[in-house]
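Engineer: If you read the protein sequences in the order shown, they are chains A and B. Our numbering applies: residue 47 is where the first sequence begins, and numbers increase by one. Our numbering applies: residue 21 is where the second sequence begins, and numbers increase by one.
I should point out that these hints are in silico values taken from the structure, not numbers from a laboratory. Quick caveat, the model's predicted, so the values are computed rather than measured. Heads up, the beta-carbon is just placed ideally off N, CA and C, and yes, glycines get one too. Keep in mind that the hints are not guaranteed to be accurate.
One-sided excerpt, in silico: chain B residues whose CB lies under 7 Å from chain A [unchecked claim]:
1. A41
2. S59
3. M60
4. L67
5. L75
6. I77
7. E79
8. A84
9. V85
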Amino acid sequence: MLGFDHELRRGGFAGNSCQIILELGSAISPDALKTRLANLVKQYPILSARPGGVFFPRWNSNGNGVDAPQICVHRDDPALRQQIFNEPLAINHGELLRFDLIQHEDERMTLIFTWMHALMDAPGAEYLLALIGSAGFAELPLPAARFPQAPRPKPPLKERLKSAWKYLDHLDEFCKFAPRAIGSRHPEAPTALNYRVEKLSVEETEQVRSNCARYAGVLGEAQYHAAVSVLELHRLHQRLGCPSPSYVLPFPVGLRLKGSIEPMFSNQVSMLMFQFLPDQADSLAGAVGALKTQTCQAMRSDLLDSGRTLGELFRFLPLSIYVAVLKHGLRGEICSLFYGDTSAVNPQLTTFLGAPVEDFAHVAAVTPSPGLGVIFYHFRGRLRITILHSARVLNDTEAAEFAANLKQRLLNP
Amino acid sequence: MIEASAIETELLAFVQREVFAPDVPVTAETDLIAAGFDSMSLVRVLLFVELTYGLWIPERELNAVTLRNLRALTGTVARLLHGQ
Chain A
47 MLGFDHELRR GGFAGNSCQI ILELGSAISP DALKTRLANL VKQYPILSAR
97 PGGVFFPRWN SNGNGVDAPQ ICVHRDDPAL RQQIFNEPLA INHGELLRFD
147 LIQHEDERMT LIFTWMHALM DAPGAEYLLA LIGSAGFAEL PLPAARFPQA
197 PRPKPPLKER LKSAWKYLDH LDEFCKFAPR AIGSRHPEAP TALNYRVEKL
247 SVEETEQVRS NCARYAGVLG EAQYHAAVSV LELHRLHQRL GCPSPSYVLP
297 FPVGLRLKGS IEPMFSNQVS MLMFQFLPDQ ADSLAGAVGA LKTQTCQAMR
347 SDLLDSGRTL GELFRFLPLS IYVAVLKHGL RGEICSLFYG DTSAVNPQLT
397 TFLGAPVEDF AHVAAVTPSP GLGVIFYHFR GRLRITILHS ARVLNDTEAA
447 EFAANLKQRL LNP
Chain B
21 MIEASAIETE LLAFVQREVF APDVPVTAET DLIAAGFDSM SLVRVLLFVE
71 LTYGLWIPER ELNAVTLRNL RALTGTVARL LHGQ
């Protein structure tokens with residue numbers, strides 16, 4: 047995550063941050079939010095820590111006298127959301143979180159919670175937001191900030207090196223048909239990331255769910271979403287006249303045990319890298335089949351663990367070299383499309399400081415290349431898809447077309 | 021011949037250890053999907069069954085009924101093992 051942050055800032059972008067956007071049915075008090083945040087920062091000093099460490103990354107806590115995260119209040123403006131998304135966090139000054147409140151004329155409010163991805167993943171952030179928003183109401187239990195149990199003992203270094211090498215061998219196989227990103231087609235555009243959210247109705251969501259079961263089997267939702275995303279990515283490449291020899295998709299796998307949010311301040315995700323050749327990305331059956339086969343192969347080969355081990359072994363590298371090593375694995379590319387599927391939004395996010403939560407969105411940064419990403423999630427039984435893109439890779443019209451095609455394909459494969 | 025009860029015990033121990041948090045009550049009758057069981061949980065269980073019993077459960081055997089809970093899944097495993 048720190049490597050991606052470095053890569054984004056180096057390219058003139060805001061950094062590797064994520065957002066949760068809550069549409070609130072009524073206004074909340076910034077002072078009440080400030081008080082709540084100040085209390086939480088005292089309980090969890092990591093919330094105002096600075097990324098540091100000489101050879102190995104670690105959080106440098108301020109100790110006493112920490113400042114609570116910034117809260118900015120704005121009047122609504124059409125360009126405001128994209129502007130806030132591209133506003134960097136001052137991470138070297140301990141700004142790992144930020145809250146923006148947008149006041150609307152009809153007394154509603156939008157809350158935009160921005161956080162540094164290196165601090166925590168989406169489930170952690172959802173729970174933290176539910177924790178903040180529950181103040182004075184149904185108080186949620188405070189989870190442990192760090193690992194609650196002793197971590198499993200690490201194997202000897204020789205075994206870990208062997209495991210890491212296995213992952214590199216896996217990527218080497220991909221290089222036989224190394225992917226090629228769309229590239230910077232609009233170099234005159236600002237170094238900005240844009241996003242749009244496709245919202246499906248309850249009926250449309252049911253239709254997609256039915257397609258998931260039909261084409262990807264029971265519990266196949268994430269696989270169906272991923273397969274359709276690859277299909278539409280392939281179509282996009284073809285439409286833009288830049289077909290790729292293959293498409294590499296990092297498929298996130300949550301590592302937390304079901305029913306637990308601990309450790310909250312951590313990215314408890316590992317990536318399985320999947321490759322789709324053009325003939326596999328030409329049909330849904332081909333894409334789903336490739337995904338399922340590769341999932342089983344990867345799990346049999348312990349690639350989840352190998353990927354984590356590789357990341358741990360290289361974390362002493364300076365960030366610029368770390369990213370270069372990452373890109374070298376796929377001959378200059380990180381992946382073809384960033385993909386996220388956070389499943390159902392935390393059901394405890396029903397109100398926030400007394401205001402009803404009426405809608406929800408996930409947003410996250412993507413690196414300049416491939417400059418494209420999709421996030422799937424469900425909010426109260428309705429599917430949402432956030433499409434993220436670098437303004438230099440796709441303009442708004444192209445992104446809207448991609449988003450519309452993706453939605454249509456999900457509904458009518 | 022492996023008894024269904026033994027299979028159920030093994031499966032339960034596996035999901036309690038590898039899938040669900042220690043404070044989540046899981047029994048043979050727990051609704052798996054309602055408890056958070058997802059596609060990766062399923063792959064883990066399928067690979068555990070393959071490693072333990074040498075049986076890969078074909079996709080045609082997996083549906084909302086056979087995955088309702090561990091007892092239902094045990095029934096499928098036992099049937100397929102005894103049919104081998």
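Engineer: Now look at each hint and say whether the structure bears it out.
Structural biologist: Hints, verified against the model:
no.	hint	result
1	A41	4 Å, holds
2	S59	4 Å, holds
3	M60	5 Å, holds
4	L67	6 Å, holds
5	L75	14 Å, violated
6	I77	12 Å, violated
7	E79	6 Å, holds
8	A84	6 Å, holds
9	V85	9 Å, violated
Consistency with the previously given hints fails for numbers 5, 6 and 9, ordered from lowest to highest.
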